[in-house]
Amino acid sequence: MNENYDTPKCESLVETVKKSLRTSDSIGIERCIQCGACTSSCPAARYSDYNPRNVMKRVKEDDWSVIEDKTIWNCFYCYTCNLRCPRNNSPSQVAQVLRQMAINKGIGIERLSVLFEYPESFAKLGISQIPAPYIGQMEEDLGKHWQHFRDNLEDIREELGLDPLTIEDERGEIKTLLKGIGFEDRFARLKEMATEEGEDE
Amino acid sequence: MCPFGLILYMAFLTHLFMNDTKKPSGIFICHCGGNISDNIDIKQLKKSFPDSKVFDYEYLCSNRGQQYLKDEIEYSGLERVVVGACTPAKHENLFKKCASQCGMNQEFLKVVNLREQCSWVHTDSDRATHKAFSMLNSGMLRLFRAQPIEHESLPINPNALIIGGGISGINAALNLANSGVHTYLVEKETTIGGNVAKIGKIFSPERLVEECAMCSLSPLMNEIASHPNIELLTHCEIRNIDSTTGNFQVSIIQNPRYVTDKCVCCGKCAEVCPVVTENEFNCGSKDKKAISIKFAQAVPQIYSVNPEHCIEIKGGKCGRCREVCNVGAIDFSQKDKPVEVQVGAIIAATGFDEYNPSSKPQYGYGRFPNVTTQMELARILGVNGPTHGKLLRPSDAKKPKNVVMIQCVGSRDEKSSGNRYCSRYCCMAALKHASLIKKKYPDVNVTICYIDMRAFGLYENYYRAVQEMGVQFVRGRPAEIAERDNFELVVKVEDTLNQQLMELPADMVVLSAAMEPSEGTQQIARIMDTNLSEDGFIKERHSKLRPVDTSKEGIFVCGSAQSPKDVTDSIAQSGLAASRAHAFLSAGEISLDPHIAVADPGVCTLCGKCGTCPFGAISIEDEVKIDPLVCNGCGYCTSLCDEGAIHVRGYSREELLAEIGGLAEAGDTIVFASRNIAYSTIDNIGSSAQDYPSSTKIIKVPTTTIVTAEMIDMAFDKGASHVVFVEEPPDNQIGEIIYPLAEARFLGFNAEYGDRLHLKKAYIPHAKGLSDMFSSLEEVEK
Numbered sequence: 001m002n003e004n005y006d007t008p009k010c011e012s013l014v015e016t017v018k019k020s021l022r023t024s025d026s027i028g029i030e031r032c033i034q035c036g037a038c039t040s041s042c043p044a045a046r047y048s049d050y051n052p053r054n055v056m057k058r059v060k061e062d063d064w065s066v067i068e069d070k071t072i073w074n075c076f077y078c079y080t081c082n083l084r085c086p087r088n089n090s091p092s093q094v095a096q097v098l099r100q101m102a103i104n105k106g107i108g109i110e111r112l113s114v115l116f117e118y119p120e121s122f123a124k125l126g127i128s129q130i131p132a133p134y135i136g137q138m139e140e141d142l143g144k145h146w147q148h149f150r151d152n153l154e155d156i157r158e159e160l161g162l163d164p165l166t167i168e169d170e171r172g173e174i175k176t177l178l179k180g181i182g183f184e185d186r187f188a189r190l191k192e193m194a195t196e197e198g199e200d201e
Numbered sequence: 202m203c204p205f206g207l208i209l210y211m212a213f214l215t216h217l218f219m220n221d222t223k224k225p226s227g228i229f230i231c232h233c234g235g236n237i238s239d240n241i242d243i244k245q246l247k248k249s250f251p252d253s254k255v256f257d258y259e260y261l262c263s264n265r266g267q268q269y270l271k272d273e274i275e276y277s278g279l280e281r282v283v284v285g286a287c288t289p290a291k292h293e294n295l296f297k298k299c300a301s302q303c304g305m306n307q308e309f310l311k312v313v314n315l316r317e318q319c320s321w322v323h324t325d326s327d328r329a330t331h332k333a334f335s336m337l338n339s340g341m342l343r344l345f346r347a348q349p350i351e352h353e354s355l356p357i358n359p360n361a362l363i364i365g366g367g368i369s370g371i372n373a374a375l376n377l378a379n380s381g382v383h384t385y386l387v388e389k390e391t392t393i394g395g396n397v398a399k400i401g402k403i404f405s406p407e408r409l410v411e412e413c414a415m416c417s418l419s420p421l422m423n424e425i426a427s428h429p430n431i432e433l434l435t436h437c438e439i440r441n442i443d444s445t446t447g448n449f450q451v452s453i454i455q456n457p458r459y460v461t462d463k464c465v466c467c468g469k470c471a472e473v474c475p476v477v478t479e480n481e482f483n484c485g486s487k488d489k490k491a492i493s494i495k496f497a498q499a500v501p502q503i504y505s506v507n508p509e510h511c512i513e514i515k516g517g518k519c520g521r522c523r524e525v526c527n528v529g530a531i532d533f534s535q536k537d538k539p540v541e542v543q544v545g546a547i548i549a550a551t552g553f554d555e556y557n558p559s560s561k562p563q564y565g566y567g568r569f570p571n572v573t574t575q576m577e578l579a580r581i582l583g584v585n586g587p588t589h590g591k592l593l594r595p596s597d598a599k600k601p602k603n604v605v606m607i608q609c610v611g612s613r614d615e616k617s618s619g620n621r622y623c624s625r626y627c628c629m630a631a632l633k634h635a636s637l638i639k640k641k642y643p644d645v646n647v648t649i650c651y652i653d654m655r656a657f658g659l660y661e662n663y664y665r666a667v668q669e670m671g672v673q674f675v676r677g678r679p680a681e682i683a684e685r686d687n688f689e690l691v692v693k694v695e696d697t698l699n700q701q702l703m704e705l706p707a708d709m710v711v712l713s714a715a716m717e718p719s720e721g722t723q724q725i726a727r728i729m730d731t732n733l734s735e736d737g738f739i740k741e742r743h744s745k746l747r748p749v750d751t752s753k754e755g756i757f758v759c760g761s762a763q764s765p766k767d768v769t770d771s772i773a774q775s776g777l778a779a780s781r782a783h784a785f786l787s788a789g790e791i792s793l794d795p796h797i798a799v800a801d802p803g804v805c806t807l808c809g810k811c812g813t814c815p816f817g818a819i820s821i822e823d824e825v826k827i828d829p830l831v832c833n834g835c836g837y838c839t840s841l842c843d844e845g846a847i848h849v850r851g852y853s854r855e856e857l858l859a860e861i862g863g864l865a866e867a868g869d870t871i872v873f874a875s876r877n878i879a880y881s882t883i884d885n886i887g888s889s890a891q892d893y894p895s896s897t898k899i900i901k902v903p904t905t906t907i908v909t910a911e912m913i914d915m916a917f918d919k920g921a922s923h924v925v926f927v928e929e930p931p932d933n934q935i936g937e938i939i940y941p942l943a944e945a946r947f948l949g950f951n952a953e954y955g956d957r958l959h960l961k962k963a964y965i966p967h968a969k970g971l972s973d974m975f976s977s978l979e980e981v982e983k
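Chains P and S, in that order, are what the protein sequence lines are. In terms of my numbering, the first sequence opens at residue 1 and continues consecutively. In terms of my numbering, the second sequence opens at residue 202 and continues consecutively.
No lab work stands behind these hints: they were computed from the structure. Note that the Cβ used here is the ideal one computed from N, Cα and C, for glycine as well. Mixed in with the good hints, there may be bad ones.
What the hints assert, rightly or not - Dumping the calculated DSS-like pairs for lysine-lysine here, alpha-carbon to alpha-carbon at most 27 Å:
no., chain 1, residue 1, chain 2, residue 2
1, P, K18, S, K616
2, S, K469, P, K70
3, S, K693, P, K57
4, S, K487, S, K518
5, P, K57, S, K469
6, S, K389, S, K753
7, P, K60, S, K693
8, P, K60, S, K616
9, S, K515, S, K591
10, S, K616, P, K19
As the list claims (entries may be wrong) - Derived, one-sided and incomplete: chain S residues facing chain P with beta-carbon distance under 8 Å:
no., residue
11, R613
12, E615
13, G677
14, R678
15, E681
16, E689
17, K693
18, V694
19, E695
Looking at chain S on its own, in the form it has when it is part of the complex (with noise of 0.2 Å):
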């Protein structure tokens, strides 16, 4: 085609499309200093657009360039604004910014991508130029039918929730607390500190130093109690959490503990009590009274009674502990009490429970006394422990000769009565154990039967130094331990560096539990509504981006509620989480999205069909609710729906097919591409100076789902070739859901529109496999 007869063609369109519609319009031309207008040919571009003020700049993202804009608008008073500019992920929103400070509302500007998605990738000026138009046309067409939208935003409650009261929450509440925000700690125990508080010594990654676990622990506890900023809730459970994002109201059940805040814990009640129990907190050993406090240095420093055994709560005659207390703190009436909180953001920091190893026969425990636990190991060793910190077997309490240690017990174990993970601290925590014994015990032969050594990081120098300590390693994993006369163990293993079938004595085993996701993690999960990963941790965001965010907004998780993880390690994540958890709540509103999803109650009939939606968004009962905090607005819901009461904003049926109708020409491949990774990797096309014919146009979607058979009818009948959807791989969160459902609605397609329909995965690095595609249906063509 000539160009003049090409100018005429494009006025004869632009007047066929647009005569009907009145509003004073604008087109802005952005040369981009050479990048577009080196090769689409701007003047005569102008010329194609006579109902509409086509203006043109040398860098229209520049300070001079946006005041011409604004100049322009005011100017002129346009209420229709189409840029053609760089991509819109670049510089829309500043664009629209520019709009608004005219008045206008950002809906009406429109920015058309003429150089990521035209200039940059096709090398014919006058083809280019063409295709710039049908863009610039489309785009204006679009405008037209567009809607205006205002911003809304949610306020955020200021406060705070720490569900977990372990090394974790401690660190997550007092970062929070200390940068001034009001924090609840809910702990289900009498008594904050976890898993710490018995573990007695923390290994050390840079040199072989044990650290007082409770020396560590102890003063951040106090300070916890006493911080102006926290609300300790002890003996507490989380019933129910009704959620909106930024407003979650907690429903919370205080368990009585039958000791009032009068206690001084001065312990004559336990002294007097006359029933002994076995103690949790020393791994079953009888030293704990009906009344107790599980150690010395728990906060708060109030004793309880556990109802289970106390002969008082249990209908008998007692009450010894009442009348041996001063201050009058025995309170036999308290009953379970209900408190309400509400919160803004929630830190979710329940824990690990060791793995219980009788679900491995083999290795007798439970039935063989003198196997044992790591973490039993600990309290042994722990001089507040049942034998004050003496290394005694528990059979007999005779000190053992030779100590074997087995590894990977319940971890790295494809099996259903194993975990597939590997734990990571057990490795560690046998080596310190290990140190801890040789330490005090030189002639104690310590043996570590091990798969591999998992020292990681700074750690190696750890494991160097106990190896010189002369702790035997064995390479191998015990089939199975026997049980001889007088208690006394045999481990069977094969050392594979040498083939050897070895028959290990031993006085003592003790098996390196795997961590596994503690009752409450998966409890909390339930009430929380967040996703878990395979192994029931509550599972992040994105592993490397988001590693504390949670599938919900306001809702983050930190420690071994998340996945296995060391002192150190669960210190850190904790900073990180109160850390999101504060930029959230400060931010002080949740801005909201507006392109989502709304109902025309008008016109629905509450057939319930778009209640399917895959992120329960929506719920129906006297008419559809879409919750604006859930919905992405991915358009999967409006092709459900039949009555067409429901579209996303910014993308309604008419809209769409105005830009179809005005894009779409004889022999094009018409592409629909999700909006962010699909859309990203036809841009990267353009970054990485490849190339595809000018025949192929993108339109932007939310998702390829909401793609409907009249828009794709729309495309042919125009004269399209073919219509490809490139959708975000199922490898990110949404792409997860909507990848299958994308696929599954594709296919149905197919069945009609055969092979001139085509669906492609989106990888922003392979930007080239689209290219070659765009290029190879052209060819079909030819």
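For reference, chain P alone in the conformation it holds in the complex (with noise of 0.2 Å):
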């Protein structure tokens, strides 16, 4: 897949944003009024020092150095600012533009390495897995309840009476799809980076 359409080659962020694939058509960078209601909805920004108003900012005022912002890492997608926003904007999709326009710096592909084994188990089984660095955080986090729903997810699976949780992939539908959105060279692309960026260290 072309990499434009993700990040196309525009004169100003906003532009930029406002044409990638990653946006809504009605979202509305320059329409935003500055009101908060992202940040104060955005669970990152209780933790961190993410603030999505103030990257949407940054972004109005062509403030290219946002992209290298660590704290545009933050998000997780909870699409809670896009829920709110009286003005249709979606931080989030925002973060997705300037993280990848980071990517194609260079930037941060240590915060994208550790995910690789979402790509990677969605390619194999037809479903994402949580990456193995979170799994301690997760079993802290959640407790003992959610650790034994992961080790019998199967046995309870067939226990309600459903299918096996795996996606047999037998129409080669998922692979297909990869394929056309030129997965495999991207995502051998993005190890290729990582390997280089641990040599770098």
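Two chains, two frames, some hints: make the complex.
Next up, the structure:
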């Protein structure tokens, strides 16, 4: 897939964000009134320095340094900002565009590499799995109840009369889709970047 | 061409076109004090019309000029007259009046635009003179095809109807009644008063004063009840309006009150009534009986029974109210009563509803008892409210310590659960309530969470005064409200001015909910068949020039039925609506523009194509019926009729073909210009001292949708190089509808005629764009 659908080459950040495939047509970047409904709704903002309202402001002001700001990686796509923005904005989508721009510049690959298990399991099983680095934290946060679910998921499903969780990609549909969007090349390039980054350190 | 040759050629042409017409005709050419005669050789022009009497005069529009015109018409017995003068927009009516004073039909006089569209825009005298000839000549040819028209008018019913008895309707009714108009005031509730009766206090523009709403309202309500020119119809709904402009037949249903007007309002009935119900007037507090009066000052002063709650009406046995009523006013046998009224003008004053904030679940309205709206707070603070004016929170009737207000709830919100507009009153309402609380309870903390404080105009003084009272302001739109133990609340908001996330503790949160068009507003717009705005308010004809006229002649709108408004603005606007309605009624009759579509039943095959009239003016039953009040003469229907059975008076096929035939010559650009904005824009080229080639010739049409392939062919057959359509822009009421149709028709023609055909939108200030276009078409030819 052409990289430019994600981050089309534009004069300004606002234009890039608006034209990106990742943002909705109705997105109202210029209309943002800085009301802060996003930030006050944002769980990431509550526990870190991430401030979606401020990210929107910097995009509007065409401050390209926002791409290098580490806090843009704190959004975890809960989309509450999207739900509450009175101007039909989505700081969550904007963060996605900014992150891709960062990756294009070789910034932040270490933020991405911890998540590599997601795409890998998706390509293999047709469903994403929680990456190993997160499991310990989740055990701590969600406790035994969750561990029980995780460990006995197939049995519980069987008990409930549900099919096994893995999706049999019998007709190769997932593979075709991933091929169509150039997944393998893209993923390979990211992995390469991550390796180089690791070597640099 | 040498001047002599030109004259010969002109004489030949004149002869060719006019020898079949024997009506005595005259041409009058006005010098316009040199404006025309300096550039057009009038002597030479006069010689080119051997078959007509030709006159010229220094200032034809002067009193002496008009007399000259009338004298010569009578002396020479003229039956067709062309006047070459300034734009017809200026003096055509004046000259037509002269003609009719001489016993001529007005349609037999035509003004040809020799100033704005000839002498002022063509610098070369020979060319200007030549064009003047073809303009006068084609004008005369067109006149020989003209048909006489009689001007008609319809009488207007002198009565008025006001729909809605809130502050706007009350004020409009009093204004009309005081100017002698018999006025019906219809209200769906059991009393007039509307929302102003509920709000307790009204904010004031000049200074920190909150006036008692009821003290202002109550005398007006009593005046309504006693006014000899007002017929008050409460507890009524409008079912149907049969609309012929100026003569509306209104069908109303009066719902039963089960109490007759013998009621003396003693209140004994309510004392004995065993059914306690929720009181909507007091935001649902349980302090009302099944027989009740809405509030003490209600007008009319008559109790009413709520049939949904009354035991007797629901079929049970009670009747206690009837037993205690000394005057025998209780009547359980009352039924719906139809009322019919005839009026000439209608004012819709159907008001607003408060937005229901439960559509914003993050604020917990409806789930958390201590989250209220500003209207509910107004009731709580009102001395006739559920707490008798004491600030007590709903959950446990405790006095709150921290009150947080949230602005723009359901306003300035692009989500489908909100409204895009600013509701205009809420900043001031929040400030008013903050002030009332601070005055009475200085120890209560009031915080207003806002995005922008909009205390427009003189209200800024009020805002400043409230700031000085120690009210806190936080700039941020809160994300959500959480409820903790004991109904305590927490408002989560970012103070965007210093990037601080805050959790404001609150005993009570007040939501400044949007003002939405009331259900009644939407209903009545359907019944009246008037346009609504995108946001559901009744749309005015023009936001600046016709702010209270609706899309229907004789129907007006005011107050919050038209857009969100405070009390002050509603009263101002309702006065205007009354004045507009009065002006409409006092004309006594509507004169109908005769230049509208007419159908010839002899030729019509009832195919029904013209029934798609975009203005809904045409209905087809046994024959094609065209409503003369709705038709604006745009001419679109004529292009739909294959039989030629329909035409616009003054713009028939024969007239237009005669004009085109007389006007078009080799190399010309023939311009069809819509008669209002497009034609004025072309006039403006002249007024703004620009020029264009004399081969550009203008033909006025109602709209370009009237132009047919036959007419375009005629222009090209005569040698024209280009044909241009200049159309009204799609930003006025007619243009919005006509422009897309004109464009579609143009595109259809374009396929056939290619780049010899052009379409241009006209904007009056942008005359240069048009003159440049006309010039560029000539360039292409060279």
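Interface restraint verdict for E681/S against chain P (beta-carbon cut-off 8 Å): Hint holds; E681/S Cβ to chain P Cβ min 7 Å, cut 8 Å.
Restraint status (C-alpha distance of K693/S to K57/P at most 27 Å): holds, 21 Å
Straight-line alpha-carbon gap K616/S to K19/P, limit 27 Å: Given that 27 Å is the threshold and the Cα spacing comes to 22 Å, the pair holds.
Restraint status (C-alpha distance of K389/S to K753/S at most 27 Å): holds, 23 Å
Interface hint for G677/S, Cβ within 8 Å of any Cβ on chain P: holds, 4 Å
Proposed proximity, K591/S with K515/S (alpha carbon, max 27 Å): The hint is violated at about 37 Å.
27 Å limit on alpha-carbon distance, applied to hinted pair K60/P and K616/S: Answer holds: K60/P to K616/S is near 21 Å, not above 27 Å.
Satisfaction of the V694/S interface hint, Cβ to chain P closer than 8 Å: holds, 5 Å
Pair hint K469/S and K70/P, alpha-carbon separation not exceeding 27 Å: Roughly 74 Å between the alpha carbons, so the hint for K469/S and K70/P is violated.
Per-residue hint verdict: E615/S, partner chain P, C-beta under 8 Å: With Cβ-Cβ at 4 Å, under 8 Å, it holds.
Straight-line alpha-carbon gap K487/S to K518/S, limit 27 Å: Holds, because 23 Å separates the two Cα atoms, which is no more than 27 Å.
Restraint status (C-alpha distance of K57/P to K469/S at most 27 Å): This hinted pair is violated, its Cα atoms lying about 65 Å apart.
Checked against the numbered hints listed earlier, the structure breaks hints 2, 5, 9, 16; every other hint is satisfied.
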